[in-house]
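Line by line, the protein sequences are chains A and B.
What the first sequence shows, in numbering that gives the first Met the number 0, is residues 0 to 306, in sequence order.
What the second sequence shows, in numbering that gives the first Met the number 0, is residues 0 to 298, in sequence order.
Please keep in mind that the hints were generated in silico from the structure rather than gathered at the bench.
Careful, some of the hints might be misleading.
[As the list claims (entries may be wrong)] Derived DSSO-like pairs (lysine-lysine); straight-line CA-CA distance at most 27 angstroms:
1) K19(B) to K116(A)
2) K116(A) to K289(B)
3) K195(A) to K19(B)
4) K195(A) to K116(A)
5) K293(A) to K289(B)
6) K195(A) to K14(B)
7) K116(A) to K14(B)
8) K109(B) to K293(A)
9) K109(B) to K16(A)
Please read these numbers as outputs of a predicted model, since none were measured by experiment.
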Amino acid sequence: MTAADQHALRRERALRKRLEWRILLKHPASLLMRLAAYTAAFLTVGVLLYLLVHNIVRGIPHLNGNLFAWKYSSENLSLVPALINTLIMTALALLLAVPIGVGAAIYLVEYSQQTSKIIRVIRLTTETLAGIPSIVYGLFGSLFFVRFLGWGMSLIAGTCTMAIVILPLVIRSTEEALLAVPDAWREASYALGAGKLRTVFTVVLPAAIPGILAGIILATGRIVGESAAVMYTAGSVAEIPSGRNFFRDPVRTLAVHMYILSSEGLHPGSSYATGLVLMVMVLILNTLSRYFAKRLRTKAGQKDANE
Amino acid sequence: MNAIRKPQVRRVRIKELLMKIIFLSAALFSTAAVLIICLFLFARGIPAINEIGWLNFLTGTRWKPSDVPPSFGILPMIVGSVYATGLAIAMGGPVGILAAIFISKFSPPKIRRFINAAVGLMAGIPSVVYGYFGMVVIVPAIGNAFGVSGASLLAAGIMLAIMILPTIIQLSVSAIDAVPATYYEGALAVGATHEQSVFRVVVPAARSGVLSAIILGVGRAIGETMAVTMVIGNQAVMPDSLIHGARTMTTNIITEMGYAVDLHYDALIATGVVLFVFILIINFSFSILKNRGIKYDGS
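With the hints as constraints, model all of the structure from the sequences given.
Take a look at the structure:
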């Protein structure tokens, strides 16, 4: 594009803009509609920015050594035990939910006829599971794992509850990832003589990995941010479980720690700092998840283009 | 046919079948989970409601678990949940839909990417962080403005309005984006301005999608627990004013779970059952709307 072309383009744009404004001034209702849309968008972004800045400004001065002491005490209000508990619980819950979720998605996408009754039931219940609020999961966990199975408020009870919470998330993102793999790949694999199982494990799953990973990371974010479902299943003891009773020890996760700190209302500084750590963790996880989801999309897009 | 019955082939077949069964049982796991959740909640909650009396439980206005004899009326909490959710939708609904219209029809690609990222961030922030923000910003603001303590239905409504924004925006954007360009172009062709075409033609065509976004927002709002607990004041009384404290079904459960025993504990489970029924109705209407959708002609 030559400089003259660019100049012409700019002129045309400026002209169009002026024309647009002239139309808007002639139609006050249209102007109003536009203003409403602009205001709403501004408000949304404004609220988010205010929340972020407020939290960062108040939180950073209190991010000190005390907060990261190895052991929690009522003086240092350390978040380290809660953080480690959260990591342990995340790892265990993923260990439980990912194989089941991925297996379920494989069945839903690769094996089933999409119209069969059993598929409709499975889809309906998976959707129901996704819509259940955390507090109901918390109640169920307290009834089933804590009381009925007699595990007490413990790491394992909280972990199992969270595994159910994230199951629909894992299923849905794996499903999407599998659906993004072009059918031509499967057909090519069959044409080479591979069976269904081999096709799934050597062709479809590897191609779907970024999408599955996106789902797993999103699930991690959900576990890290969750409080209502774990408060009365995992308990609120700010110590790292150890020794023989590892799984049966009650533990406090980071989100619950944040809730307890802030509802006590005695330590606003530490609450801000803890909230900041929590928020940054979840935001990093979500951004990572979006990155992988995008990679899956672009990869699948390239495949389509190559066909 | 004999060739197919070679032992290796049979082994492969058995393996295929075995794995299919394993995958199927994984898929059935979520069905089993829903069934067990229903079973345990209802098996414990329904007898409790029977013992309290259905009328006393659902329409009783006194929640005094430690009185002798105790009263377990959850009407104040049902009303509290409905009010808080209604406020959230009244504030978050219009803002969310308008913001979605902006994203879909008024923003240049760069700004669109930025706002989408912002909305994604909003969706990811944990409830407790929102709750603390409400506790230190919204509650004092209301307190100063009206000369009250500030922990109130209004605070909960504002809190929830912010929290359901990403849900409403994301779903509305995809509903509006799905309307074929011909609708918009047709409106322009008969002389409508850009705004008239968008607001009068494109958005009405996307109404079922936008409505399902609102319904999902209702579901989120009614089920939210931690953030509401931190700003609503938690008084178990019939809400008499927007600027006074109230209690929702979710906060009723979370505040008393820690120390409830016997019938009190069961009454909390029963509160959860009522909440669960609300959620099931909301989800059901959501999936009906979603499946019905609108078939666009000529797309």
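Taking the numbered hints from earlier one at a time, note which ones the structure violates and give those numbers from smallest to largest.
none
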